[in-house]
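**Q** So the sequences go chain by chain: H and L.
The numbering of the first sequence is this note's numbering, which starts it at 1072 and goes up by one.
The numbering of the second sequence is this note's numbering, which starts it at 16 and goes up by one.
Keep in mind that the hints were calculated from the coordinates and are not lab data.
Think of the CB as a built atom: it goes at the ideal place given N, C-alpha and C, for glycine as much as any other residue.
Be a bit skeptical, because a hint or two may be false.
[What the hints assert, rightly or not] Covered stretches of chain L, going by a simulated chain H footprint (3 or more residues, C-beta under 8 Å):
(1) 175-182
(2) 193-201
[What the hints assert, rightly or not] Far from chain L, by Cβ distances over 10 Å, these chain H residues were calculated:
(3) 1174
(4) 1195
(5) 1200
(6) 1238
One-letter residues, chain by chain:
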Amino acid sequence: MTGLLRLDNLVAGYGSLTVLKGLSLSVAKGEIVGLVGANGAGKSTLLNAISGVIPMRSGSILFDGENLGGRRAAAIARAGLRHVPEGRRVFAELSVEDNLRLGAYGTRNDGIEKRLPEIFEMFPRLVERRHQAAGTMSGGEQQMLAIGRALMAKPRLLMLDEPSMGLAPLVVAEIFRLIRSLRDDFGLGILLVEQNARAALRVSDRACVMALGRFELEGTGRELLRNPAVTQAFLGAVPRPV
Amino acid sequence: MSDFLQILISGGIVGCIYAMAALGFTIVFNATRVVNFANGEFLMLGSLGLAGAIATAGLPLWLAVIVTILCTTLVGVAMQVVLLDHARSADELTLVMLTIGTGLALRGAAALVFGREVAFVQDFGLFPMILIGDIYVISQGVWIALTLVCVSIGLWFLFARTTFGKAMRAASQEPRAAALCGIEPRRAAATAFALAAALGGLAGALVTPISAAFYENGIFLGLKGFAAAVAGGLGNPLGAVVGGLVIGMVEAMTAGYVSSGYKDGVAFIVLLFVLLLRPTGLFGGTSVNRV
Ligand SMILES: Nc1ncnc2c1ncn2[C@@H]1O[C@H](COP(=O)(O)OP(=O)(O)OP(=O)(O)O)[C@@H](O)[C@H]1O
Ligand SMILES: [Mg+2]
Chain H
1072 MTGLLRLDNL VAGYGSLTVL KGLSLSVAKG EIVGLVGANG AGKSTLLNAI SGVIPMRSGS
1132 ILFDGENLGG RRAAAIARAG LRHVPEGRRV FAELSVEDNL RLGAYGTRND GIEKRLPEIF
1192 EMFPRLVERR HQAAGTMSGG EQQMLAIGRA LMAKPRLLML DEPSMGLAPL VVAEIFRLIR
1252 SLRDDFGLGI LLVEQNARAA LRVSDRACVM ALGRFELEGT GRELLRNPAV TQAFLGAVPR
1312 PV
Chain L
16 MSDFLQILIS GGIVGCIYAM AALGFTIVFN ATRVVNFANG EFLMLGSLGL AGAIATAGLP
76 LWLAVIVTIL CTTLVGVAMQ VVLLDHARSA DELTLVMLTI GTGLALRGAA ALVFGREVAF
136 VQDFGLFPMI LIGDIYVISQ GVWIALTLVC VSIGLWFLFA RTTFGKAMRA ASQEPRAAAL
196 CGIEPRRAAA TAFALAAALG GLAGALVTPI SAAFYENGIF LGLKGFAAAV AGGLGNPLGA
256 VVGGLVIGMV EAMTAGYVSS GYKDGVAFIV LLFVLLLRPT GLFGGTSVNR V
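Extracted from the complex, chain H is given alone in its bound form (with noise of 0.2 Å):
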């Protein structure tokens, strides 16, 4: 397997705060790989560092072999990386398809029109809300749209920060049915950070548990399940069969 996206030695952090400690992880196309860890552990952090919100210190970071080191947020966006902020963020006083739009901003303008009705069919429930100020919208709804919007740009690599945070059971699972969906029908990698340590591991190919800005322990989805540290730490449970 080819890396999509190869981290090699990551250190970045805020100001004379240190968070990541030395990252080295890949993902490749088509592929799921999952990030779970306590509150605080760095995941948000390793997500901004990739997407260039914030600067790296040291390592280095290739997508599809290019160094982003030092690239602008905003040019590592219209290289194919995507990253959907925890929290969603869409443009609350834009409608609906104002921000779906934006999410493909300065490619060409047809090619937008081609791809709003992909993205529609693909998130039905925003066709009708399409003129609604995305602000108003539930926050299921917004978590639709933030993916939706980052999508619109098709993407080769897809990061997703805690897509299913404070969202009812049945609109999680229907995400993770979508997450699923990205990679097997469109070949999408994909680096998942989640707080719902179960949901996320089962749909990981591979996955990471962190703590402290390290990666404290790696392997398959069904391994991590199964390991009864994680079970202990993240899944409040005994073991049970995948």
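Once you have looked at the hints, place chain L with the ligands on chain H.
**A** Chain L with the ligands only, in chain H's frame:
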């Protein structure tokens, strides 16, 4: 009655200028969340620039207006790109202080370049003075009012209809998420400063035939534009226009019926009343954010 209407119209014309100043505050605030206290100096530069371009450089009026607007725009963009952009991680108070400092610097530079004398420019002409009964609208007033209408329509079109304008709104609402969509937040900020400065230059040029050019004029124009923007609901363009018109008219009535000595304080009395009755401003507080 006709006195009253006449005062209302004269005040409305000055109010159009305040409205354009207020729109400058609004555009920059929406893009960067910074209140740019140098905004009034853009109008001052437009005014002095026009007078200088005609008297010293001998340019024809139309060319002088264009050159003046271009130069003011450059000043605005430079202010963002050279100064504020490098301090973008500073807190908002620091950024506001920087804009106040820039305003002072621009005033000093204008005094050096254009001198401390009052300069005059003739009417733009073309339109005749309009007479309805015994109420008149001066030719320059027609220019000013028509310009405000065109500017308002243009800005509405930009922000409500074009992708670029919507991207600017997105960058102001959610700067990080906008960057993650491929929108350059710094380009949006520079564009906002360009628009505000161009608008300031235009308004300053338009007001020169009725108020003359002076290097200290930016102080009052800026403060009144600010009062208008806040009274209208900071960030709301319609509020900025209405706020400017209201302040211009109340000011004219104070000068006409009370004493012209109180005229310059009126903007703040209007602002005070509005904020007491509606703390979010006339058109503010209809946010659709949901948590
Ligand atoms: N903008 C910031 N400035 C300074 N420190 C920050 C900032 N954002 C996060 N941190 C710190 O970095 C560390 C890692 O935070 P991060 O948000 O990456 O954790 P996380 O694993 O995503 O947690 P959660 O599950 O709660 O989202 C924390 O100690 C946090 O306090
Ligand atoms: Mg997080």
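**Q** All hints, please: hold or fail.
**A** Hint check results:
Against chain H, the segment 175-182 of chain L contributes 3 residues with a C-beta closer than 8 Å to a partner C-beta. That satisfies the three-residue criterion, and the hint holds. Under the rule that three or more residues need a Cβ within less than 8 Å of chain H, the assignment of the segment 193-201 of chain L holds, with 8 such residues. Not every C-beta of chain L lies more than 10 Å from that of residue 1174 of chain H, the closest at about 5 Å, which undercuts listing it as non-interface. Annotated as non-interface, residue 1195 of chain H keeps its C-beta farther than 10 Å from every C-beta of chain L; the closest such distance is 22 Å.
The claim that residue 1200 of chain H is not at the interface with chain L holds, since no C-beta of that chain comes within 10 Å of its own (minimum 13 Å). No beta-carbon of chain L comes within 10 Å of the beta-carbon of residue 1238 of chain H; the shortest separation is about 14 Å.
This entry does not satisfy hint 3, going by the numbered hints stated previously; all others are met.
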